[in-house]
Amino acid sequence: MASELKLLERQTASLRTAIVDAKRGSLFAAGDLAVSVSEEALQRAVSQALPIEQPVSPEFRARIDRAVVSFRSMQGSVRLEGRVWALSDPETWADLVLLGGIRDVEVDASSGRLSAEIALDGWDVQRAAAAGAEMDWIKDLVRLLGERGLVALRDLVPAIRIPVGIEKGIDLPGISGPPVTIPAGRLPIEARVSRVLPLSGRLWAMIHVTSSGWTRAGAPEAPGASRAGGRETGPAPGARDREARVAQPGEVVGDPMPVEAAGKRIEALKAERAKLQGELRSLLPDEARLMDAPPGDVLIGIPSSLVESIVSEALLGPLRNVRLSLRNVVKVERSDEIQTKTFLGQMTLGRYDLTVDVREVNAVMKPKAPRLTFGSNRIAIDLPVSVEAGDVKAKLTFKWDGRNLAGIVCGDLTSEHDLRASVPPVLVRLRGRFDVEARGEQILVKPRLAPIEAAFKVEPQQRTWDFVDGLIESKNAVCEAALRKASVGEKVKGLVSRGFKVTVPTGWLRSMALPASFRDTVDVKGASAGFAVTPTGVSITTTRLWYGADVSVRKARRKAP
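Residues 1 to 561 (the working numbering) make up the sequence shown, in order.
Derived by calculation from the structure, the hints in this document are not laboratory data.
Calculated lysine-lysine pairs in the BS3-like style (CA-CA distance at most 25 angstroms, straight line): (1) K395 / K331; (2) K457 / K395; (3) K457 / K393; (4) K501 / K393; (5) K393 / K493; (6) K395 / K501; (7) K457 / K493; (8) K501 / K366; (9) K368 / K446; (10) K270 / K6; (11) K395 / K493; (12) K331 / K501; (13) K331 / K493; (14) K366 / K446; (15) K399 / K341; (16) K399 / K331; (17) K275 / K264; (18) K393 / K331; (19) K23 / K270; (20) K457 / K368; (21) K457 / K366; (22) K457 / K501; (23) K366 / K393; (24) K275 / K23; (25) K399 / K493; (26) K368 / K501; (27) K6 / K275; (28) K264 / K6; (29) K331 / K457.
Throw the hints in and build the complete structure from the sequences for me.
Below, the structure written as structure tokens:
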């Protein structure tokens, strides 16, 4: 009765707090990642670790054979059933029931897995059998557990590992061009559970995720950033399973409230609980009702704001350090005949061929703020990118072919000039989408981006024009006058200055996994509990990206001692 009373008190207190937060709109924080696990899935996970057998004193040994998990009324309750017996006489035993609830869910610092913590409220003996004096045996057991409290039973409580993990970072491999050079980097992720909500048969964990921003590979991490490295599969050296929180001796067992008063208090709390449950149901947001989520034993709901932040930073971080390097960009040519009037009539002085071979363009790309649009299992992206601080290396070839008598007058000429020019800033746009797909345990965003079309202008250095003028002035007076009259210099300038168009491929943008994923193996009280993860679907709404999966339990593998 004391255990039931304590559970009801926790439930009603949690319901009252939840109603206040629901009215404020903060029950399900819009920016937090949501993990939702059905009680059936956790029931299977916990049951896989059973039986658990431990000594509870020098005289007694106990075993837990069955667990019942429930997530109702803003309280996760756990009922553990088993048996305790006397070491001196195994035929002397009692059926034992441990009652408690799930209080905390945490992100393990080493593995990133979610774990739930059970707090014991009390225990009870259902029935007993004794080879000798039954009442004396029961009294001895009650006295023993009463003196030691629930501490004597804590090793019988299985640790709960939820088959979901939060990655400690997203690795971005980079590329060493051409046409672009992007340094490798990492987007560190930090996560902490901000709220636990047992509702309608599911355990919800709201997880606040932050990042210190993209970091170039090899660069020192910002203070508080997650450590670099991939997913870890085991505990850190020296780490151990957290012990279940238990009441101190005397806190639950031996409750001084009289039986009649305790019964009335329990009935009053049940009535209050029912009333609060109805009020809370009317205040729950759509996401709590899973109206837009796929089915599944386990659901991961990543807020659009978090996805946008991660995708944006994964793009903007590396692109802040991108060098654009184009080779053999374009070759443009122009030919023309130059004629003039003489006392002999119209005369062709010659023909010129001008070639500008743009061999190399080097520039720096700087991204602007992207715009992302969510829906239809994809994320549309429009990212303005400024191409600036660029320079051009080209070869300017001028060939003059004198014609008829002009060949004698003007002669032939071929000359080459290494052209150096700058590229004024130009704004281009990266457009396309990221398709969202489930691949095994992970949620991937896969880029489908159109090539970037860029129209570059060229601003040659003054010595290029000096070169053209020098060519014209190198001819005799008749030819120089004719060339200037035909505006050959202006035509050269026009050809060089009109610029060129290039296409920058976007294949350097790679698929990346979002930071929350399913885990197919969890550790439960010394056993390696395998799960077969079967994705059930992905859906994208304006507020969240949902990923669902069913999990079935594989045979537990006991760890070697």
